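Work out the full structure: start from the sequences and follow the hints.
Top to bottom, those sequences are chains W and V.
Take 538 as the starting number for the first sequence in my numbering and just add one per residue.
Take 772 as the starting number for the second sequence in my numbering and just add one per residue.
Source of the hints: derived by calculation from the structure; they are not laboratory data.
Where hints are given, some of them may not hold.
[Unchecked claim] Here are the simulated BS3-like cross-link-like pairs (lysine-lysine), alpha carbons at most 27 angstroms apart as the crow flies:
no., chain 1, residue 1, chain 2, residue 2
1, W, Lys-1065, W, Lys-1033
2, W, Lys-619, W, Lys-981
3, W, Lys-742, V, Lys-843
4, W, Lys-1218, V, Lys-808
5, V, Lys-856, W, Lys-758
[Unchecked claim] Ranges between beta-carbon positions, derived for each pair:
no., chain 1, residue 1, chain 2, residue 2, range
6, W, Asp-1191, V, Ala-871, 38 to 46 angstroms
7, V, Arg-821, W, Tyr-952, 34 to 42 angstroms
8, W, Leu-804, V, Arg-821, 22 to 30 angstroms
9, W, Lys-543, V, Pro-801, 44 to 52 angstroms
10, V, Ala-871, W, Glu-811, 46 to 54 angstroms
11, V, Lys-873, W, Met-1114, 49 to 57 angstroms
12, V, Phe-833, W, Asp-578, 24 to 32 angstroms
13, W, Gly-1101, V, Ala-868, 30 to 38 angstroms
14, W, Pro-1154, V, Phe-833, 46 to 54 angstroms
15, V, Gln-823, W, Tyr-722, 24 to 32 angstroms
16, W, Asn-627, V, Glu-832, 38 to 46 angstroms
17, V, Phe-833, W, Lys-1199, 29 to 37 angstroms
18, V, Val-878, W, Val-1221, 19 to 27 angstroms
Keep in mind it's a predicted model, so treat the numbers as computed, not measured.
We put the beta carbon where it would ideally sit given N, CA and C, even for glycine.
Single-letter residue listing:
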Amino acid sequence: MSTAKKPWTWEEDGYTVTRTCAWSPPGCHPVGCGLKLYVKDNRLVKVEGDPDHPISQGRLCIRCLSLPEYVHHPQRIIYPMKRVGERGENKWQRISWDEAWDIIVDKVQDIKAKYGPESIVVYGGTGRQACLYYYPLGFAALGTPNVCYPLSGWSCYGPRCAITQYVFGTGYPEIDFAGYYPDRYDHPGWKLPECIIVWGKDPLKSNPDGLFGHALVDMMKRGTKLIVVDPRLTWLASRAEYWLQVRPGTDAALALGMLHVIINEGLYDKDFVENWCAGFDDLKQRVQDYPPEKVEEITWVPKEKIVEAARFFARSKPASITWGLAVDENPNGVQVGHAILSLAAITGNIDVPGGITIGPPAALLGKWRVETRLELTEELWNKRIGAEEYPALANALATTHPDVTLDVLETGKPYPLKMAWFNSTNLISPTCSTAPDRWYRALKNMEFAVATDTFMTPTAMAFADIFLPLSTFAEHDGIVVTHFGRNTIFIGAINKALQVGECKSDVEICLELGKRLNPKAWPWNDVKEFFTDQLKPELGITFDDLKEEVVHQIPYQYKKYETGQLRPDGEPGFMTMSGKIELYSTLFEMWGDDPLPYFEEPPYSPYSTPELAKEYPFILTTGARMWGMFHSEHRQIRTIREIHAEPIVEIHPDTAVQLGIKEGDWVYIENMYGKCKQKAKLTVGIHPKVVHAQHGWWFPEKQADEPGLFGVWEANVNLLAPHKHIGKLGFGAPLKSLICKVYKAEA
Amino acid sequence: MSRNGLLIDYEYCTGCHSCEVACKKELNLPVGKWGIKLAEVGPMQVSPDRWQMDYVPIPTEFCNLCEERVAKGEAPACVHHCLGKAMEYGPVEELAAKMAAKGKKMVLFVP
Chain W
538 MSTAKKPWTW EEDGYTVTRT CAWSPPGCHP VGCGLKLYVK DNRLVKVEGD PDHPISQGRL
598 CIRCLSLPEY VHHPQRIIYP MKRVGERGEN KWQRISWDEA WDIIVDKVQD IKAKYGPESI
658 VVYGGTGRQA CLYYYPLGFA ALGTPNVCYP LSGWSCYGPR CAITQYVFGT GYPEIDFAGY
718 YPDRYDHPGW KLPECIIVWG KDPLKSNPDG LFGHALVDMM KRGTKLIVVD PRLTWLASRA
778 EYWLQVRPGT DAALALGMLH VIINEGLYDK DFVENWCAGF DDLKQRVQDY PPEKVEEITW
838 VPKEKIVEAA RFFARSKPAS ITWGLAVDEN PNGVQVGHAI LSLAAITGNI DVPGGITIGP
898 PAALLGKWRV ETRLELTEEL WNKRIGAEEY PALANALATT HPDVTLDVLE TGKPYPLKMA
958 WFNSTNLISP TCSTAPDRWY RALKNMEFAV ATDTFMTPTA MAFADIFLPL STFAEHDGIV
1018 VTHFGRNTIF IGAINKALQV GECKSDVEIC LELGKRLNPK AWPWNDVKEF FTDQLKPELG
1078 ITFDDLKEEV VHQIPYQYKK YETGQLRPDG EPGFMTMSGK IELYSTLFEM WGDDPLPYFE
1138 EPPYSPYSTP ELAKEYPFIL TTGARMWGMF HSEHRQIRTI REIHAEPIVE IHPDTAVQLG
1198 IKEGDWVYIE NMYGKCKQKA KLTVGIHPKV VHAQHGWWFP EKQADEPGLF GVWEANVNLL
1258 APHKHIGKLG FGAPLKSLIC KVYKAEA
Chain V
772 MSRNGLLIDY EYCTGCHSCE VACKKELNLP VGKWGIKLAE VGPMQVSPDR WQMDYVPIPT
832 EFCNLCEERV AKGEAPACVH HCLGKAMEYG PVEELAAKMA AKGKKMVLFV P
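Here is the structure:
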């Protein structure tokens, strides 16, 4: 590879080539893989992985490789539209942006005057660029304190961020995969992790939030060994030193069992524990309740494996852990997270080369998005839904409490909700809500609703009065901030390569609406000015500098707790109540939960609800990712549907024989809350008592209008997931540990 | 003159389908046709603690080893985009030597 600096754009064989970094829409979290976009006659003709990108190094997944199909898809909505028939009737009329803004501004002002600004709720989705912008859209443009991530228990990423903020006082803990350095794995100050625990996560497919998944494969080739905690045999599990096939929802017991081994056998880092951890003696006492024999009974993981894996992890230096959605989608998840962070801390793997890196709790755009709430008066901010009931959630996340939001929608108490803004969320598809049928009925009653997206979705079809067309990352200027600023491995430029129709980016939409409704909060003339203002104070670069650089890496400082860089007062230690890592959490205690991690049975399981389990004998786990689909995206992309044609439920072959189910049969998955239909795939990579059903499915090829809504209720596994079965602190829905029965459906 | 081939290290092929789609786009192949296609083995339990779950991409009769790209000094589309960096293009003698040197889970295709 040449070391000469590459330009960000050039002409080649009649194409204009643009180097850029990816972030959904469409396709992914803020991982920012590098692409070269080839445009001719304002058409994106082909995509090539950018070999000069230090993280992805020319590699691309099938979501980016099929980007031209997405960008120029005939079903994309590329002009603003207003509804002209009944809601859900699929009758729309193209309008101009000016007309759209006029309608929206009038309605917003009317609704604010009649019912108060708090009657407006902005709903956001998972992982898209919009995650940085829907808070400011609510706080600083619409002027409401209510922005909502609607998934029960905020069960995606937010809980892990909150737990880390409370236990470490830092941003997101990530594997040190040498992403900060241009020379990557050859960087002199970096060390290869000897062991990585992959806990409840399949990063090769999910590329979560800033981790390029195949960095794990890079490190495996260099000698890293894995411990994989997963109810399913993932590819990584098939190559792990230890695959711990945990019973879904029992992760806390497993982590406590591993802590039991490490603490009782003296395998922890005594210096680090002494100097930088608080509450070790209490934790030591607590883990005595979780001997490996008992943990085996709870988790179904053989005790020998628990002991060996714990020893292997503790003896590996450095070692790292990556934790996944299984921490969030669990009412016991705060304790899972607390126990996993404790494992990482007492083994001395925090903030060391090849261990776990930590960023600040908020930086860059992540900081701005939260600070825009200062646009609201205290009085209005105090009306934020669910903040009083769930302070542990409200403190770390500037949103409403999702479950309380549905309660308020349904009851109109303490005040009615009248307007919904669906900002890049398709929440009634099985992604961003449990009990989606209840959300559907409640949201049908809005006086006014706006949706922003790239395609017509079931959610926009069901509720929207105005549809605003979003541009893909190929069509706008922007920036990728890994981990939303909670661990900025690098900043990537999103460089506009073409314009499609009249689509606009989230930032453009915010700026245009903000200038109309609250201009003082939106002083920037264009997006470049806006991004320069975000970048300059922290990094000293302008947006044009970033455009040319494409990738801006930020060298990492290790052991910041020794040098005072983790605290605003410059004192050594961590930014927590005790100044140390809180193995005993004073905050959890203050909020009425146990200060130490503990295990609690899932709300529905063969052990907690044995009577129900007679009718619903299987454990249902959901949400594992596919290669080609980002949650509810990509269902209309032909090449992707050739690979992922239909929704798949995984069943063990022995179980399938008992049920009279064959490979490829359509089956119903059903419990006391609802049912859905998916296609059976038989695999020995899942426990005979567990089935896994895919999330995100709807069918753009099916009837668009009501009641079909693109078949959104057919394969909708979230219909089986209950409302408000969450942990004490307000986090965690049991989406990965439900119960169900399975039976053959008509074809 | 030596023939060129594709060396696959299926210890590290993760089954990501990137080769399939990169190739399909490069050759502009329609629905149902592929220039390279994944085969899957397993998962199956080999011993109490060992599992086999392997993928091997197999070039089809559409594969021309990306003549045009290679002529421009680029790697074939599949090799370039492989997420696991598990594919290599080159003269078969060189690839065979690499195959022997690694000694396990390698396969060499001359399409």
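Outcome of the hint check:
About 12 angstroms separates the Cα atoms of Lys-1065/W and Lys-1033/W, which keeps this hinted pair within 27 angstroms; it holds. For the hint pairing Lys-619/W with Lys-981/W, the CA-to-CA distance comes to about 17 angstroms; that is within 27 angstroms, so the pair holds. Restraint check: the Cα-Cα separation between Lys-742/W and Lys-843/V comes to about 32 angstroms, which exceeds 27 angstroms; the hinted pair is violated. About 20 angstroms separates the Cα atoms of Lys-1218/W and Lys-808/V, which keeps this hinted pair within 27 angstroms; it holds.
For a cut-off of 27 angstroms, the pair hint linking Lys-856/V to Lys-758/W stands: about 10 angstroms separates their Cα positions. Between Asp-1191/W and Ala-871/V the C-beta distance comes to about 41 angstroms, which sits within the given range of 38 to 46 angstroms. Roughly 60 angstroms separates the CB atoms of Arg-821/V and Tyr-952/W, a value that falls outside the hinted 34 to 42 angstroms. Take Leu-804/W and Arg-821/V: their Cβ atoms lie about 26 angstroms apart, and the range 22 to 30 angstroms holds.
Our hint of 44 to 52 angstroms for Lys-543/W and Pro-801/V is violated, since their Cβ atoms are close to 34 angstroms apart. Between Ala-871/V and Glu-811/W, the C-beta spacing of about 52 angstroms keeps the proposed range 46 to 54 angstroms intact. Between Lys-873/V and Met-1114/W the beta carbon distance is about 52 angstroms. The supplied range of 49 to 57 angstroms therefore holds. In this structure, Phe-833/V and Asp-578/W meet the distance hint of 24 to 32 angstroms, their C-beta atoms being roughly 27 angstroms apart.
Between Gly-1101/W and Ala-868/V the beta carbons are some 54 angstroms apart, a value that contradicts the proposed interval 30 to 38 angstroms. A C-beta distance of roughly 47 angstroms is found between Pro-1154/W and Phe-833/V, which places it inside the suggested range of 46 to 54 angstroms. A hinted range of 24 to 32 angstroms holds for the C-beta pair Gln-823/V and Tyr-722/W, which are about 28 angstroms apart. Taking 38 to 46 angstroms as the suggested C-beta distance range, the pair Asn-627/W and Glu-832/V conforms, at roughly 44 angstroms.
A beta carbon spacing of about 32 angstroms between Phe-833/V and Lys-1199/W agrees with the range 29 to 37 angstroms that was offered as a hint. Hint check: Val-878/V to Val-1221/W, Cβ distance near 24 angstroms, so the stated range 19 to 27 angstroms holds.
Hint violations for this structure: numbers 3, 7, 9, 13, all remaining hints satisfied.
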